[in-house]
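**Student:** With the hints as constraints, model all of the structure from the sequences given.
The listed protein sequences derive, respectively, from chains A and B.
Count the first sequence with the numbering used here and you get residues 1 to 164, in order.
Count the second sequence with the numbering used here and you get residues 165 to 729, in order.
None of these hints come from the bench; they were simulated from the model.
Each hint should be verified, as a subset may be incorrect.
Claimed, not checked - In silico negatives: residues of chain B with every beta carbon more than 12 angstroms from chain A:
#1 Gln171
#2 Asp183
#3 Lys229
#4 Leu293
#5 Val319
#6 Thr468
#7 Ile470
#8 Gly471
#9 Ser477
#10 Pro629
#11 Ala721
Said to hold, decoys possible - EDC-like, lysine to aspartate or glutamate: derived pairs with alpha carbons at most 20 angstroms apart:
#12 B:Lys302 x A:Glu12
#13 B:Lys520 x B:Asp569
#14 B:Lys472 x A:Glu10
#15 A:Lys72 x A:Asp40
#16 B:Lys305 x A:Glu10
#17 B:Lys305 x B:Glu180
#18 B:Lys346 x A:Glu96
Beta carbons: idealized from backbone N, C-alpha and C, even for Gly.
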Amino acid sequence: MKHTISVLVENEFGVLSRISGLFSGRGFNIESLSVAPTQDPDVSRMTLVTRGDDRILEQITKQLNKLISTIKVVDFTDEEFIERELALIKVATEAESRAEALRIVDIFRAKVIDVTPKSYTIEITGAPAKVDAVLELLRPMGIKEVVRSGPVVVGRGAKRSWIA
Amino acid sequence: MEMTGSQILLESLKLEGVDTVFGYPGGAVINIYDDLFESSINHILTRHEQAAVHAADGYARCTGKVGVAIATSGPGATNTVTGIATAYMDSIPMVIITGQVPTPLIGNDAFQEADMCGITRPCTKHNFLVKDIRELAKTIKEAFYIARTGRPGPVLIDFPKDIQVASHKFSYPDKVNLRGYKPTYSGNIRQIEKAAKMILEAKKPVLYIGGGINLSAANDELLKLAEMTKIPVTTTLMAMSAFPQRHPLALGMLGMHGTFYANMSVTECDLLIAVGSRFDDRVTGRIDSFAEKAKVIHVDIDPTSIGKNVLVSLPIVGDLKDVLGKLLGSLEQKQESLKRLVAATEDWRLMIAEWKERHPMAYRQSKTVIKPQYVIEKIRELTNDDAIITTEVGQHQMWTAQFFDFSQPRTFLTSGGLGTMGFGLPAALGAQVAYPERQVIDISGDGSFQMNSQELATLVQYRLPVKIVILNNNYLGMVRQWQQMFFEKRYSQTVMELPIDFIKLAEAYGATGLQATKVEEVEETIKKALETPGPVLMNFKISREENVLPMVPAGKAINEMVLAS
Numbered sequence: 001m002k003h004t005i006s007v008l009v010e011n012e013f014g015v016l017s018r019i020s021g022l023f024s025g026r027g028f029n030i031e032s033l034s035v036a037p038t039q040d041p042d043v044s045r046m047t048l049v050t051r052g053d054d055r056i057l058e059q060i061t062k063q064l065n066k067l068i069s070t071i072k073v074v075d076f077t078d079e080e081f082i083e084r085e086l087a088l089i090k091v092a093t094e095a096e097s098r099a100e101a102l103r104i105v106d107i108f109r110a111k112v113i114d115v116t117p118k119s120y121t122i123e124i125t126g127a128p129a130k131v132d133a134v135l136e137l138l139r140p141m142g143i144k145e146v147v148r149s150g151p152v153v154v155g156r157g158a159k160r161s162w163i164a
Numbered sequence: 165m166e167m168t169g170s171q172i173l174l175e176s177l178k179l180e181g182v183d184t185v186f187g188y189p190g191g192a193v194i195n196i197y198d199d200l201f202e203s204s205i206n207h208i209l210t211r212h213e214q215a216a217v218h219a220a221d222g223y224a225r226c227t228g229k230v231g232v233a234i235a236t237s238g239p240g241a242t243n244t245v246t247g248i249a250t251a252y253m254d255s256i257p258m259v260i261i262t263g264q265v266p267t268p269l270i271g272n273d274a275f276q277e278a279d280m281c282g283i284t285r286p287c288t289k290h291n292f293l294v295k296d297i298r299e300l301a302k303t304i305k306e307a308f309y310i311a312r313t314g315r316p317g318p319v320l321i322d323f324p325k326d327i328q329v330a331s332h333k334f335s336y337p338d339k340v341n342l343r344g345y346k347p348t349y350s351g352n353i354r355q356i357e358k359a360a361k362m363i364l365e366a367k368k369p370v371l372y373i374g375g376g377i378n379l380s381a382a383n384d385e386l387l388k389l390a391e392m393t394k395i396p397v398t399t400t401l402m403a404m405s406a407f408p409q410r411h412p413l414a415l416g417m418l419g420m421h422g423t424f425y426a427n428m429s430v431t432e433c434d435l436l437i438a439v440g441s442r443f444d445d446r447v448t449g450r451i452d453s454f455a456e457k458a459k460v461i462h463v464d465i466d467p468t469s470i471g472k473n474v475l476v477s478l479p480i481v482g483d484l485k486d487v488l489g490k491l492l493g494s495l496e497q498k499q500e501s502l503k504r505l506v507a508a509t510e511d512w513r514l515m516i517a518e519w520k521e522r523h524p525m526a527y528r529q530s531k532t533v534i535k536p537q538y539v540i541e542k543i544r545e546l547t548n549d550d551a552i553i554t555t556e557v558g559q560h561q562m563w564t565a566q567f568f569d570f571s572q573p574r575t576f577l578t579s580g581g582l583g584t585m586g587f588g589l590p591a592a593l594g595a596q597v598a599y600p601e602r603q604v605i606d607i608s609g610d611g612s613f614q615m616n617s618q619e620l621a622t623l624v625q626y627r628l629p630v631k632i633v634i635l636n637n638n639y640l641g642m643v644r645q646w647q648q649m650f651f652e653k654r655y656s657q658t659v660m661e662l663p664i665d666f667i668k669l670a671e672a673y674g675a676t677g678l679q680a681t682k683v684e685e686v687e688e689t690i691k692k693a694l695e696t697p698g699p700v701l702m703n704f705k706i707s708r709e710e711n712v713l714p715m716v717p718a719g720k721a722i723n724e725m726v727l728a729s
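**Tutor:** What follows is the structure, encoded as structure tokens:
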């Protein structure tokens, strides 16, 4: 089963390799990983998507917690959360398909951020499933390049997944 | 006071209670060595950086203190990796200090540069690269704190040369503040009460104890628990000295080379109480049939150990001394139930006694060739109870675990998790430095011994009276045994075709060499070695194709043993 895990870590030298090395060294699967500082510049948040059964997920969570640089681990799968991903999609456009591309952009509330005679570059944010859907619709026109950020998540409501 | 980085290091070591370090100098630690020249810290110069780390490890294993090793950058530092991985697998508290090229050169492929934080990330509990002299004292404080607390382990500090010569005001922090590291010491009392209830209801309970007992110094609590409940105790390789092996409740080692009765007990038990052990594959054999009739209570300070390999009915996270203490407290208040438990488990102990009688831990003595087990029994007989025994890895290690009958905590130092050949001699060196007056004996094979035999020089230089026992079969015996049993006796690269004159080798270093080739020479050789001052090497020519039995073949359940005929 797919799990989205948020890891708060000390924003210090080598911390990314500690996390990624843990996954590769123990054979855990990692589908996406995004990292950036938080409101506290000493703390970074890593949002990662992984797959595994309950036992593997228990080990992943425990092993992440065991790292000295890890401050907090939240598995969002069992909680209400909002998930967003950014994608930049470069799509080939012929004269006859440009209107169709714009319609899709409109329906999904995406944006065209760069235009050439033969291409549109489209920016879209949303849950990964929405990004998948846009890609599916644009595919017949010819997708030249896709850049996805991997999802980031935040819990619903006023409760924070922050350091206690 | 203003101090250089290397002075800050040495002052900090003293404040951490370090009086002895093991190491090897080089260009990137030359400033540290310059300050060591006049320091009160005792430095032991080994002949290889790997040996320095194993020596610090042996020192830590027998004392419980943090072992400290120093090596230079690049090859010096990479030579420490096997030692660090050995300590990591067995949860031994250590701090390893490696020199590093100056910070402006890091990443430049500079001379003798190696990315030690990258290399040791998976085999240290934590590691640090000191990039700023202002962080140095805090880093050392944290390194020692991390190494010795929680589940102990090795911590590496990579220390660039320019930081060693930079100056800063020295003030050593009183406290550490690591918000991501808060080990759980206190066991949850409700879980412990549940454990007490499960124990009191058991009909066929077994205690399965690991190296954590020694690390937590919970030996007395364990002994009390076993005696109060009359629950038999089986021991992992790491815990052979954690419970007295001649105690009537001792079942000896379990697992691949465990005793028949230990493996049968675990297979048949209805309650397995795992304490400071981690269900290693060498212990469990085929995992789905391991203790399959039992409920499992697992006590460990490291939550990742719990539920990793087997499903656990009752997890308890905490320091073993705390948890066992509370468990004893709880059981003591239930005297009636305890009496009922002892009565209800009487049949179980009888069944185990029958297994023990049917297949005791034994070997067939010979009149013509020296049996390795006999040598080990004789060493046990002729040494004190507090003698410290180290081993290398292989057949001799298993025979020692099977036949030595340890009685005192921290007297058996062996590489359990990583299985590092070449560990025993430098570990014995470290133990002898820690306890100059105690008997320290490295039991070795002829293969393993040659992996760090250069440390004979260190023993002689520092007059360390370590006695070395080589159980010499001119084979890499354990691999040969597998080849005999599972590869139709195709002894591929396991015959040590060049017999070494170990006596001459010992003498070349200035040590004493003795040899026994006949059974009747064994006792006098050991006696003579123990009476001879200084390091002594004993070469015992043993029966060449003796096997370690019982043996659970790889992939089999632990009750499917090949037994001694």
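**Student:** Give a verdict on every hint.
**Tutor:** How the hints compare with the structure:
Distance check for glutamine 171 of chain B against chain A: the nearest CB is about 24 angstroms away, which clears 12 angstroms, and the non-interface claim stands. Against chain A, the non-interface label of aspartate 183 of chain B holds: every CB pair exceeds 12 angstroms, the least being about 27 angstroms. Even its closest Cβ contact with chain A, about 21 angstroms, leaves lysine 229 of chain B beyond 12 angstroms, as expected for a residue assigned away from the interface. With a least CB separation of 6 angstroms from chain A, leucine 293 of chain B falls inside the 12 angstroms interface cut-off, contrary to its annotation.
At roughly 9 angstroms from the closest C-beta of chain A, the C-beta of valine 319 of chain B falls inside 12 angstroms, breaking its exclusion from the interface. Remark: the non-interface label on threonine 468 of chain B conflicts with the geometry, its nearest Cβ contact in chain A lying 4 angstroms away (cut-off 12 angstroms). Annotated as non-interface, isoleucine 470 of chain B brings its C-beta within 12 angstroms of a C-beta of chain A; the closest such distance is 8 angstroms. For glycine 471 of chain B, the condition that its CB be more than 12 angstroms from all CB atoms of chain A is violated, with the nearest at approximately 6 angstroms.
Residue placement check: serine 477 of chain B keeps its beta carbon more than 12 angstroms from all beta carbons of chain A (closest about 15 angstroms). The non-interface label for proline 629 of chain B is consistent with chain A: the shortest C-beta to C-beta separation is roughly 40 angstroms, beyond 12 angstroms. The beta carbon of alanine 721 of chain B is kept farther than 12 angstroms from every beta carbon of chain A, the shortest such distance being approximately 21 angstroms. A hinted pair counts as satisfied when its Cα atoms are at most 20 angstroms apart, and lysine 302 of chain B with glutamate 12 of chain A qualifies at roughly 15 angstroms.
Of the supplied pair hints, the one linking lysine 520 of chain B and aspartate 569 of chain B holds, its CA atoms being roughly 15 angstroms apart against a limit of 20 angstroms. Between lysine 472 of chain B and glutamate 10 of chain A, the direct Cα distance comes to roughly 26 angstroms. Violation of the 20 angstroms bound is thereby established for this hinted pair. Using a Cα cut-off of 20 angstroms, the hinted pair lysine 72 of chain A and aspartate 40 of chain A holds, with the two alpha carbons roughly 14 angstroms apart. Restraint check: the Cα-Cα separation between lysine 305 of chain B and glutamate 10 of chain A comes to about 18 angstroms, which is no more than 20 angstroms; the hinted pair holds.
Of the supplied pair hints, the one linking lysine 305 of chain B and glutamate 180 of chain B holds, its CA atoms being roughly 8 angstroms apart against a limit of 20 angstroms. Straight-line distance between C-alpha atoms of lysine 346 of chain B and glutamate 96 of chain A comes to about 63 angstroms, which puts the hinted pair past the 20 angstroms bound.
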